[in-house]
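Asks: Line order of the protein sequences matches chains A and B.
Following my numbering, the residues of the first sequence are numbered contiguously, the last one being 833.
Following my numbering, the residues of the second sequence are numbered contiguously, the last one being 277.
Hints are supplied without guarantee of correctness; some may be wrong.
[As the list claims (entries may be wrong)] For each label pair, taking beta carbons as the anchor points, the in silico distance ranges come out as: (1) A:P774 to B:P188: 37 to 43 Å; (2) B:A217 to A:R525: 50 to 56 Å; (3) A:G600 to B:P188: 39 to 45 Å; (4) B:A266 to A:P774: 52 to 58 Å; (5) B:R246 to A:P612: 46 to 52 Å; (6) B:Q235 to A:G715: 38 to 44 Å; (7) B:Q235 to A:N545: 40 to 46 Å; (8) A:G600 to B:R246: 52 to 58 Å; (9) A:G600 to B:A217: 40 to 46 Å; (10) A:D787 to B:P188: 31 to 37 Å.
Rather than coming from a laboratory, the hints here were simulated on the basis of the structure.
All of these numbers come straight from a predicted model, not from anything done at the bench.
Cβ coordinates follow ideal geometry from the N, Cα and C atoms, glycine included.
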Amino acid sequence: MTEPAPLAEALRGRTVLVVERDPTARGSLAAQLAALGAATDTAASGPEALLRLARGDEHGGIGLIVLAADLPGMGAAGLTRALRTRPETRAVPVATVPGPALDPAALLRALDAAAAPAELDLTAASARLGLAPAELAELHRAFAPQAEEHLGALARAVEAGDADAARRVAHALAGAAGNLGAGDLHRAARELEHATRAGAEGLAAPLADVARAGRALLAAIARLGPAQAGAPVTGAPPPRAPRGELADRLVLIVDDVRTNVELLVRALKDDYRLAVAQDGESALRSVRAAPPDLVLLDIMMPGLDGYEVCRRLKLDSRTRDIPVVFLTSLDEVRDKARGFEAGAADYITKPFEILEVKARVGALLRAKAYQDAIRELLESELRVAREIQRGLVPRNFAALGGPAAECFACLEPARAVGGDLYDVFRVDDRRLCLVVGDVSGKGIPAALFMVMTITLIRSLARLSGRPDEILARVNDALAADNPSSMFVTLFCAVLDTETGRLTCASGGHLSPMLIRPGAEARPVLASEGTLVGVQPGLAFPATEVELAPHDLLVAFTDGVTEAMSPDGALFGEARLRALLGALGDVAPAAAVDAVLDGVRAFADSAEQADDIAILAVRYAGPEGRPAATADLVLDLRATFEEVVRAATAVRGLCEARGVPREPTDDLLLGLDEMLSNIVTYGYPGNPEGAIAVRVAITEEALRLDISDRAPAFNPLEAATPDLDAPLDTRPVGGLGVHLARSVMDTMEYARENEENRLRLVRRLRRDEVL
Amino acid sequence: MRCYSDGGMPLTVRVSRDDGGATVRVQPSGSLDSATAGVLERELAPILGSAAKVLVLDFAEVTFVSSAGIRVVLAARKQLADRGGSLLMANLQPPVAKAFEIVRAIPDVTIFKSVAELDAYLAAMQRKAGGGPPR
Numbered sequence: 064m065t066e067p068a069p070l071a072e073a074l075r076g077r078t079v080l081v082v083e084r085d086p087t088a089r090g091s092l093a094a095q096l097a098a099l100g101a102a103t104d105t106a107a108s109g110p111e112a113l114l115r116l117a118r119g120d121e122h123g124g125i126g127l128i129v130l131a132a133d134l135p136g137m138g139a140a141g142l143t144r145a146l147r148t149r150p151e152t153r154a155v156p157v158a159t160v161p162g163p164a165l166d167p168a169a170l171l172r173a174l175d176a177a178a179a180p181a182e183l184d185l186t187a188a189s190a191r192l193g194l195a196p197a198e199l200a201e202l203h204r205a206f207a208p209q210a211e212e213h214l215g216a217l218a219r220a221v222e223a224g225d226a227d228a229a230r231r232v233a234h235a236l237a238g239a240a241g242n243l244g245a246g247d248l249h250r251a252a253r254e255l256e257h258a259t260r261a262g263a264e265g266l267a268a269p270l271a272d273v274a275r276a277g278r279a280l281l282a283a284i285a286r287l288g289p290a291q292a293g294a295p296v297t298g299a300p301p302p303r304a305p306r307g308e309l310a311d312r313l314v315l316i317v318d319d320v321r322t323n324v325e326l327l328v329r330a331l332k333d334d335y336r337l338a339v340a341q342d343g344e345s346a347l348r349s350v351r352a353a354p355p356d357l358v359l360l361d362i363m364m365p366g367l368d369g370y371e372v373c374r375r376l377k378l379d380s381r382t383r384d385i386p387v388v389f390l391t392s393l394d395e396v397r398d399k400a401r402g403f404e405a406g407a408a409d410y411i412t413k414p415f416e417i418l419e420v421k422a423r424v425g426a427l428l429r430a431k432a433y434q435d436a437i438r439e440l441l442e443s444e445l446r447v448a449r450e451i452q453r454g455l456v457p458r459n460f461a462a463l464g465g466p467a468a469e470c471f472a473c474l475e476p477a478r479a480v481g482g483d484l485y486d487v488f489r490v491d492d493r494r495l496c497l498v499v500g501d502v503s504g505k506g507i508p509a510a511l512f513m514v515m516t517i518t519l520i521r522s523l524a525r526l527s528g529r530p531d532e533i534l535a536r537v538n539d540a541l542a543a544d545n546p547s548s549m550f551v552t553l554f555c556a557v558l559d560t561e562t563g564r565l566t567c568a569s570g571g572h573l574s575p576m577l578i579r580p581g582a583e584a585r586p587v588l589a590s591e592g593t594l595v596g597v598q599p600g601l602a603f604p605a606t607e608v609e610l611a612p613h614d615l616l617v618a619f620t621d622g623v624t625e626a627m628s629p630d631g632a633l634f635g636e637a638r639l640r641a642l643l644g645a646l647g648d649v650a651p652a653a654a655v656d657a658v659l660d661g662v663r664a665f666a667d668s669a670e671q672a673d674d675i676a677i678l679a680v681r682y683a684g685p686e687g688r689p690a691a692t693a694d695l696v697l698d699l700r701a702t703f704e705e706v707v708r709a710a711t712a713v714r715g716l717c718e719a720r721g722v723p724r725e726p727t728d729d730l731l732l733g734l735d736e737m738l739s740n741i742v743t744y745g746y747p748g749n750p751e752g753a754i755a756v757r758v759a760i761t762e763e764a765l766r767l768d769i770s771d772r773a774p775a776f777n778p779l780e781a782a783t784p785d786l787d788a789p790l791d792t793r794p795v796g797g798l799g800v801h802l803a804r805s806v807m808d809t810m811e812y813a814r815e816n817e818e819n820r821l822r823l824v825r826r827l828r829r830d831e832v833l
Numbered sequence: 143m144r145c146y147s148d149g150g151m152p153l154t155v156r157v158s159r160d161d162g163g164a165t166v167r168v169q170p171s172g173s174l175d176s177a178t179a180g181v182l183e184r185e186l187a188p189i190l191g192s193a194a195k196v197l198v199l200d201f202a203e204v205t206f207v208s209s210a211g212i213r214v215v216l217a218a219r220k221q222l223a224d225r226g227g228s229l230l231m232a233n234l235q236p237p238v239a240k241a242f243e244i245v246r247a248i249p250d251v252t253i254f255k256s257v258a259e260l261d262a263y264l265a266a267m268q269r270k271a272g273g274g275p276p277r
């Protein structure tokens, strides 16, 4: 019997399975092994031994099998063959003994042989990885220096008592070894990795196992011999363009262990374009530089781990939709759950079956390609829709307002298209219609309703130049057939560019702000009125405001006041008023930009939640004349009721201003004659015909301006009645113009911009002047 | 009494008959302009279609008149004249008188400064017609 010391050392910590039919011999062998320090287990037959081994690690791993040479039944040779065909028992050393006595030399031989396989078994691994054995051998050669490095690092970490470092290195080593099919090293490294969880103590034995398995693997790799000439060079596979329907897809592989990267590169390079990153930071850089279609992501990496990389990708709207597949040797359920919580699309554990990796990557990329195609279709349609919507609202502001009223506006949908709207158009040569609105909701439904609204306003504004009437008609039209129960808030105003008179009406819309240089910004309207499009038959009372030169009107939607900062605060009306009040006398474009900039600075990184529309108008004064001050402005329709309304208003004004009776009567006579002419002859049968009346009272004179858009007609050319003829023979009518001319000091007619314009002046100090 | 009103200046017209219907007194009140002239015209139509010989327009309460009002008056005068009747006007206020003067509708229309003067004239007319003094 040789010295027991080397065998005892080799057996320490191992469980030895004794397979012997005879109970006495079985007991004797077990006792001898126990005396050498081994744990023992026994089996009476070949099948019982296989059953025991199939239970696996349940009762501790079997480190050696001692087998009676005369085992009946399947026999010692049959059992050995069976053990060699099973992956879980292939590596377990087997020593055959002739009888009840141990043969220490045979046991040591069996242990050494198992620890140092004469040749690497590349067959199973190459099938699993989809690689030719030659290719796998090449990967093993490339792995050798990395493995040596890892083994050194592991020894230093255990020596330094650094359990965390030992765990990281052991994890990497286990993963790579497992993938390459180096089962012993994989198992030993995993054992060590698990042992580190209990701290730095007790790592010596598992480290010795790792070292032994590592040395055995390195020896086996050395026996593979040098790489064949012409074999592919590691890390630089021969360039071959990927093929197939997804050949243009880019897959980013992120793993800090080079062997894993190389395995994946070899597996995927024929099908996709590939990018590689070896840590979390460079993975994020790579994604920013060239967004991939899929990321294969290791979890345990130095620096940012895989969970964190995934979370960051999912936080960024630009990378949110890139599928992430975790590829890792962490295989506990809670690791997987954590991965899915971080936003993973799939989770594959190492050592992986390359066919499975390929299948899952392919499935995810096909799903992503489909999703991308749908999105591209939607986006291209939305781009066109956006252009159409932007083309609906006026952009050429210089031509619109003229010198009297500069305008500027912007439309900023939260999505590609939106429900906010603005409009600026001329009702006639003098009056400008201004509209800002906000359709309920966002996106395509709101955009469709917006288009309907803006079209209605334009066509209905042709029938009436009054904002209250425009809103009432738009409301009736929208409410009449509104199955989706959408609604719109509208601010509508008509600005008389000659007088500065602004007539406004609101359908549930926020009041615009009036900014008079040197004064605080203030809302124009006291109340918002009722939403448009819900209930027919509503009225939208008009409010009149006199704009002075340099007054700036800013209308907006709630996308401005309800813009939200990253911490959830609202921009609010107070902030808007402060911003506008501080502007001073600025051009409308500058005012709109200032509001937009203010909102964007406030919202900071927060996403724009609602559509934004802003419209600004600065009143410069009437075109081509000094700012005229009208004391009364009336927009009339062509009915006698309206004539009465005008007369009442003019008389009221004259009384209020203390104008004497006679000039007042003269003015009213001129008014009545001219208006009745227009109603009767200018707009016969058209009660909607528009007539504008302005009265100005100065110390010197009363001035009456009347304009209408009826066909050109100069009443001052009417034939002068023959007043010398006897009453019996002359016609009873045709006296009006003569009468008016007689009481007024001057009467002028002009046809300008398709309007009939009459100016009547009645001097107040007639006697003095005369 | 008819009243025309549309929130503006109304015109009301009172009609009374004397002398068995031969003399009709019409008292418009308010503004006689393009919007209200039609009211007076409608009130006068049955009178002009009757046998009334004398139409008295008492303008004491007419504050304003425009050519539309003047036209109604002149048309009534013409219709009456065609069948031998006559139109008398009384109590024209300054702005109303001014308008009638401008179109020279006055010289040929009999106008009285006051109701007393008009009454005296009417009494003389009736005597001339042979009916003797009233009452």
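Asks: A separate judgement is required for each hint: does it hold in the structure or not?
Replies: Evaluation of the provided hints:
Range check, P774 of chain A to P188 of chain B: about 38 Å between beta-carbon atoms, so the 37 to 43 Å window is met. As the Cβ distance of A217 of chain B to R525 of chain A is approximately 39 Å, the hint placing it in 50 to 56 Å is violated. Checked against the hint of 39 to 45 Å, the pair G600 of chain A and P188 of chain B passes, with Cβ atoms roughly 41 Å apart. At about 54 Å, the beta-carbon gap between A266 of chain B and P774 of chain A stays in the expected band of 52 to 58 Å.
Roughly 48 Å separates the CB atoms of R246 of chain B and P612 of chain A, a value that falls within the hinted 46 to 52 Å. A beta carbon spacing of about 20 Å between Q235 of chain B and G715 of chain A contradicts the range 38 to 44 Å that was offered as a hint. Range check, Q235 of chain B to N545 of chain A: about 57 Å between beta-carbon atoms, so the 40 to 46 Å window is missed. For the pair G600 of chain A and R246 of chain B, the supplied restraint of 52 to 58 Å holds, since their beta-carbon distance comes to about 53 Å.
Separated by about 43 Å at the C-beta atoms, G600 of chain A and A217 of chain B satisfy the suggested range of 40 to 46 Å. A hinted range of 31 to 37 Å for the beta carbons of D787 of chain A and P188 of chain B is consistent with their spacing of about 34 Å.
The structure fails to meet hints 2, 6, 7 from the earlier list, while all remaining hints are met.
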